[in-house]
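Just so we're aligned: 95 in UniProt numbering is position 95 of the sequence shown, and the numbers increase by one with no gaps anywhere.
Just so you know, the hints here were simulated from the structure itself, not pulled from any lab data.
Everything numeric in this text was worked out from a predicted model, so none of it was measured.
Please note that a few of the clues may not be correct.
[To be verified] No farther apart than 35 Å at their CA atoms in a straight line, the calculated lysine-lysine pairs in the DSBU-like style are these:
#1 Lys-50 x Lys-376
#2 Lys-74 x Lys-57
#3 Lys-74 x Lys-193
#4 Lys-272 x Lys-57
#5 Lys-306 x Lys-419
[Unchecked claim] Pair by pair, the computed Cβ-Cβ distance ranges are:
#6 Ile-215 x Thr-397: 36 to 42 Å
#7 Leu-371 x Ser-117: 57 to 63 Å
#8 Ser-279 x Asn-53: 35 to 41 Å
#9 Tyr-56 x Ile-183: 24 to 30 Å
#10 Asn-181 x Arg-335: 41 to 47 Å
#11 Thr-39 x Gln-443: 42 to 48 Å
From the three backbone atoms N, C-alpha and C, an ideal C-beta is built for every residue, glycine too.
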Amino acid sequence: MWQCKHCSLELASRYLLLKHFRQTHAHLRGSCRYPCPYTDCPCSFDTWSKLLNHTYKTHAKQLTPKPVELPTFKCHVCSRRDLTEKDFFQHINGHLRHNETVPCMFLGCTFKTNIYSTFNTHKNRKHRQHSLKDFIANVVSTSGELDQSHSSAVGPTESVDIDQEYETLSCGDASEIHLPNLIEEKIACILLKLENIVHIPKTVIDEVLSELHYILSTSSLPVTRAIVSDVLQSHKLQVEDSVVGELSTALCNSSPLATAIAKDGPLATAYKRTQYYTSHFGVLEPVEYILDAQRNRTFQYIPLLKSLQHLLSHKGVLEHIETQQRLLAVPQEYRTVRDGEYYKQNSFFSDEGLRISVNLYVDDFEICNPLGSSRKTHKLCGVYWVLGNLPPGSHSTLNSIYLAVLCKSDDVKTYGYGKVLEPLLQDLSILEQHGVFISQLGQFVKGSVQCVIADNLGAHGLGGFVESFSAG
Numbered sequence: 001m002w003q004c005k006h007c008s009l010e011l012a013s014r015y016l017l018l019k020h021f022r023q024t025h026a027h028l029r030g031s032c033r034y035p036c037p038y039t040d041c042p043c044s045f046d047t048w049s050k051l052l053n054h055t056y057k058t059h060a061k062q063l064t065p066k067p068v069e070l071p072t073f074k075c076h077v078c079s080r081r082d083l084t085e086k087d088f089f090q091h092i093n094g095h096l097r098h099n100e101t102v103p104c105m106f107l108g109c110t111f112k113t114n115i116y117s118t119f120n121t122h123k124n125r126k127h128r129q130h131s132l133k134d135f136i137a138n139v140v141s142t143s144g145e146l147d148q149s150h151s152s153a154v155g156p157t158e159s160v161d162i163d164q165e166y167e168t169l170s171c172g173d174a175s176e177i178h179l180p181n182l183i184e185e186k187i188a189c190i191l192l193k194l195e196n197i198v199h200i201p202k203t204v205i206d207e208v209l210s211e212l213h214y215i216l217s218t219s220s221l222p223v224t225r226a227i228v229s230d231v232l233q234s235h236k237l238q239v240e241d242s243v244v245g246e247l248s249t250a251l252c253n254s255s256p257l258a259t260a261i262a263k264d265g266p267l268a269t270a271y272k273r274t275q276y277y278t279s280h281f282g283v284l285e286p287v288e289y290i291l292d293a294q295r296n297r298t299f300q301y302i303p304l305l306k307s308l309q310h311l312l313s314h315k316g317v318l319e320h321i322e323t324q325q326r327l328l329a330v331p332q333e334y335r336t337v338r339d340g341e342y343y344k345q346n347s348f349f350s351d352e353g354l355r356i357s358v359n360l361y362v363d364d365f366e367i368c369n370p371l372g373s374s375r376k377t378h379k380l381c382g383v384y385w386v387l388g389n390l391p392p393g394s395h396s397t398l399n400s401i402y403l404a405v406l407c408k409s410d411d412v413k414t415y416g417y418g419k420v421l422e423p424l425l426q427d428l429s430i431l432e433q434h435g436v437f438i439s440q441l442g443q444f445v446k447g448s449v450q451c452v453i454a455d456n457l458g459a460h461g462l463g464g465f466v467e468s469f470s471a472g
């Protein structure tokens with residue numbers, strides 16, 4: 001079987017896996033990449049065409065995945081079997097949440113408990129670094145898996161031209177049950193890229209969509225009618241002109257693209273697109289806080305706890321964090337500041353459990369010409385945060401930097417950082433005392449501020465000193 005590297009879905013052929021990549025997993029050029037479908041190949045690509053070229057040139061003769069030894073985990077309490085170690089321990093946690101006594105599953109350990117937190121503390125302290133050989137008998141079993149049946153399922157599709165690979169769709173594929181919705185989301189994703197990455201004005205997009213819908217529904221109707229008539233005549237079918245016209249109109253107006261951008265469609269106007277992005281793409285709306293109601297002075301705050309919860313709900317991000325957490329236990333290796341002596345001596349971050357590290361960054365910026373007459377008039381102060389648990393190299397990319405507070409610099413000087421940062425500090429206090437719930441872990445994870453980064457001006461303002469580049 002062919003397994004997706006994003007969602008672990010298993011499919012019968014390479015063609016179906018490539019098709020699943022394109023339909024299900026949305027990708028942004030430069031940030032998310034298409035991985036090679038072969039488990040033993042670490043390559044990934046930023047465009048679909050590069051992935052296909054690599055697949056058919058590098059793996060031209062390899063039509064089946066290489067056999068691998070897949071471990072199977074059997075619960076020593078109820079004999080249930082799981083395919084991954086993560087699923088196995090999640091199942092064990094289910095026993096503990098029902099106050100069932102669970103003995104330790106590692107060799108030479110007689111520990112047993114019915115308390116969830118006690119078991120996790122014991123596992124992190126005594127068995128943090130372990131292999132499959134460290135489990136007791138009958139818990140782990142491995143078997144070589146090589147399903148030869150899928151090689152025949154590949155069929156002639158594997159040898160077709162690259163451009164034809166994705167055009168041929170099997171009508172009976174279960175993944176196409178929600179195909180109209182998937183196509184609609186892909187169209188919305190393309191429009192979102194145009195608005196926020198290419199920075200095309202919304203009015204321009206509205207005009208383009210209006211013209212495109214006219215071409216699809218009206219201008220192309222005679223061409224579609226001629227094509228339908230030719231196809232029917234090639235099969236020697238005599239159909240009335242009214243039926244041909246009705247069929248042609250349905251084909252023009254009922255396509256997912258035409259339906260989505262129609263006047264009453266969900267992507268027709270900028271307002272409808274914004275509503276669609278909010279409901280389908282997990283957009284977090286900023287909250288407006290009032291500094292002075294009479295003078296109409298406000299600032300915007302994007303809730304930190306909701307942002308963290310949304311970010312950590314992604315499987316890939318959580319896997320990176322767990323990997324970095326395991327690397328902290330490796331001695332004599334310095335990768336990040338988290339491997340330093342002072343960090344490990346911190347009573348909060350040195351806890352055995354997972355801790356979220358938040359790096360704050362404060363800076364002012366001009367949105368107008370800094371040398372023009374509008375200098376300092378529209379100057380803004382931004383407070384950003386970065387997840388410090390990510391591996392080195394991830395902190396400098398724009399996709400890893402998140403906005404928390406946005407306020408006019410004059411209002412910061414008038415009302416002070418204490419007033420502007422109040423909602424952020426409240427969320428940080430909740431994060432440190434109670435934590436944020438991570439659905440994939442099934443538990444609350446605490447965190448705190450690892451560091452605050454600022455230039456001379458911002459650092460002096462936060463500290464209450466003279467805001468000058470010459471003052472020490």
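Against the structure, the hints:
1. Lys-50 x Lys-376: violated, 47 Å
2. Lys-74 x Lys-57: violated, 41 Å
3. Lys-74 x Lys-193: Not satisfied, since the Cα-Cα distance of roughly 45 Å exceeds 35 Å.
4. Lys-272 x Lys-57: violated, 43 Å
5. Lys-306 x Lys-419: Holds. Lys-306 to Lys-419 sits at ~21 Å (cutoff 35 Å).
6. Ile-215 x Thr-397: 36 to 42 Å: Holds: the Cβ-Cβ distance is about 38 Å, inside 36 to 42 Å.
7. Leu-371 x Ser-117: 57 to 63 Å: Distance hint for Leu-371, Ser-117 holds at roughly 59 Å.
8. Ser-279 x Asn-53: 35 to 41 Å: holds, 36 Å
9. Tyr-56 x Ile-183: 24 to 30 Å: holds, 25 Å
10. Asn-181 x Arg-335: 41 to 47 Å: holds, 42 Å
11. Thr-39 x Gln-443: 42 to 48 Å: Violated: the Cβ-Cβ distance is about 30 Å, outside 42 to 48 Å.
Hint check: violations occur at hints 1, 2, 3, 4, 11; the rest are consistent with the structure.
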